[in-house]
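Protein chains: 2
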Amino acid sequence: MTEKKKITPLSKLGEFGLISHLTGDISLHHESTVKGVGDDAAVMDYKGKKMVVTTDLLVEGIHFNLVYTPLKHLGYKAIVVNLSDVYAMNGNPKQVLVSLALSGKFSLEAVDQLYDGIKMACETYKVDLVGGDTTSSLTGLTISVVAMGEVDKGKIAYRNTARVNDLICVSGDLGAAYMGLQLLERERKVFDDSSKSIQPELSGYDYILGRQLKPEARKDIIAALHDNQIVPNAMIDLSDGLSSDLMHICKQSGLGCRVFQDKIPLAEETERAANEMNIEPFIAALNGGEDYELLFTVPLELHDKAMQIKDISFIGHITEAEAGMKFVTNQGSEIELQAQGWNSFGD
Amino acid sequence: MTEKKKITPLSKLGEFGLISHLTGDISLHHESTVKGVGDDAAVMDYKGKKMVVTTDLLVEGIHFNLVYTPLKHLGYKAIVVNLSDVYAMNGNPKQVLVSLALSGKFSLEAVDQLYDGIKMACETYKVDLVGGDTTSSLTGLTISVVAMGEVDKGKIAYRNTARVNDLICVSGDLGAAYMGLQLLERERKVFDDSSKSIQPELSGYDYILGRQLKPEARKDIIAALHDNQIVPNAMIDLSDGLSSDLMHICKQSGLGCRVFQDKIPLAEETERAANEMNIEPFIAALNGGEDYELLFTVPLELHDKAMQIKDISFIGHITEAEAGMKFVTNQGSEIELQAQGWNSFGD
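Line by line, the protein sequences are chains A and B.
Sequential numbering of the first sequence, starting at 605, is according to the numbering used here.
Sequential numbering of the second sequence, starting at 605, is according to the numbering used here.
For the record, the hints were derived by calculation from the structure and aren't laboratory data.
Each hint should be verified, as a subset may be incorrect.
Identical copies carry no separate label here, and so any pair may be met within one copy or between two of them.
List of simulated lysine-lysine pairs, BS3-like, C-alpha gap at most 27 Å [said to hold, decoys possible]:
hint, residue 1, residue 2
1, 867, 855
2, 818, 651
3, 818, 855
4, 639, 818
5, 757, 653
6, 616, 759
7, 818, 914
8, 793, 930
9, 855, 639
10, 651, 867
11, 616, 855
12, 639, 610
13, 793, 639
14, 651, 914
15, 730, 867
16, 759, 793
17, 653, 730
18, 823, 757
19, 930, 616
20, 823, 609
21, 676, 757
22, 867, 909
23, 855, 610
24, 757, 609
25, 709, 759
26, 651, 730
27, 855, 653
28, 653, 639
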């Protein structure tokens, strides 16, 4: 006998009932959080420190497919991608606000799963959930997250402040989340095309699937930079792909760059999946996106210091604008970088 | 000859092109805005002042109907409803972030209209647009706005700090936005049911239509309270209706209230429209919502001082919890207040 899955319609609770159900057990950790959920607005006190704020909108059918995305992972990811933007300013996230628009297909139990992931991310990254909005929608799920954090005076890392001869550094490895997505999409299509109930072929790819479904933000890198007294000249998080995001730094700084194929960090699973699907691994790294790694530049003289930090690769250097934005292949040919990053308005 | 309306698909610009098109002409006004649009996050410096932050999600088909809502008004309203929450904390809004999810039916020209309204509201209320997110959606338009502001130390007005015998004050008049909506909905249905192209009957109702389509937040009341050195014991903005919002103050403060029908401020047009549509005007005021007026309580001894402020009505007083939350009709009967405010999850 299978236990019947409990399904409670959201209309049974109403908006205020749902909010208190979801936020009733929230505890606050930060001194900067004066007042959280429950009033017209949350109240913060940054006590003279500078504050960074960022927001991202995640739309069902555009940014995620619930066919293969567990709601708990989705909630976790929605928080993480916003925290990643705070880290990319060299900041430390302190508070988040979460807004949800939910269609009638979502039960209370489904929303609880989503919130489990949201709360788990808040716990992991030690941020306070201080507010948001909850409403219905005619179709699907939309998640809007705001993340706020503090940054030490003089330590903010903008995009437009790279300097000539800076080393270009990147954390972790690239292209894995993209290959994870390709794998999930391939199996979804096989499943759609098949009249039989078949199991998707996903074994052996735990790492790249995890990178797509439950990414992490590089809190550890920000801490390591701090511990090693390194303030990057420029920094951005990799959400649209190395190519597109590096171009943001170069264009906004009025400079060029040279990055080298043989320096691009790739995981074994990324290369294996790419080979299996006839994709050039470095193309996945350049244009894939959703890595949520940190891309930053440091002055050449900090090379040895930066070497101390685990899980950082030096992939190239910043040049004068006239030299262009170049990708140097293993064969020595130079390719102009192109912003082929993800564009939701694309044809 | 009619000029052909220009229609530019968003895919022609892409996400980054759209963002720079929309935000290229933004100028920043506040010292607390260190860095606006263009990086991973915006940077603020509140220099030791407390900060309030609030967010609202507006979903097409749930919160607005584009059949009768001009996009410019919608953009204006999306900002105003968020600023209203900042004022309701006794704060002064300084920055907003705006996120849009747009389906394929929206052209660049349509988004420009929406942004015209957004920018007009930012200009009117002197707030800096410092960030956001822009993406596509499968269906319709979703707008997520975040508003941030500063509040003087010791002047924050929470919901849960009303005191027994406080006077209950409300700004402006109530129920007008609700009656405006009823009027628009009536004409939409007539239009839908009719095979002929007929003009909607909206003349003589400019005020209530304006209250629905282009509401204002009560910046002037917050300034007047400040000038008169009045700090409300409790405050909330009227978004869900007087009944529901007053109950928030009472419940969160652990107290009761008595409000009087003959004290409820109603505009002539509100009464006229209500009578025409067989709705009790005071019901529109109690349960209508979207007034974006301020509801606050002050100690009895501040009565004469509060009287100095234009456009404020005293509608009742705060009682012990045991006395309940009562609405006293003109005939002297007492009705228990009920939260019949707007609930998007309602059946």
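Give me the numbers of the hints this structure contradicts, sorted from smallest to largest. The structure conflicts with hints 2, 3, 4, 6, 8, 10, 12, 13, 14, 15, 16, 20, 21, 23, 24, 25 and 27, although it agrees with all the remaining ones.
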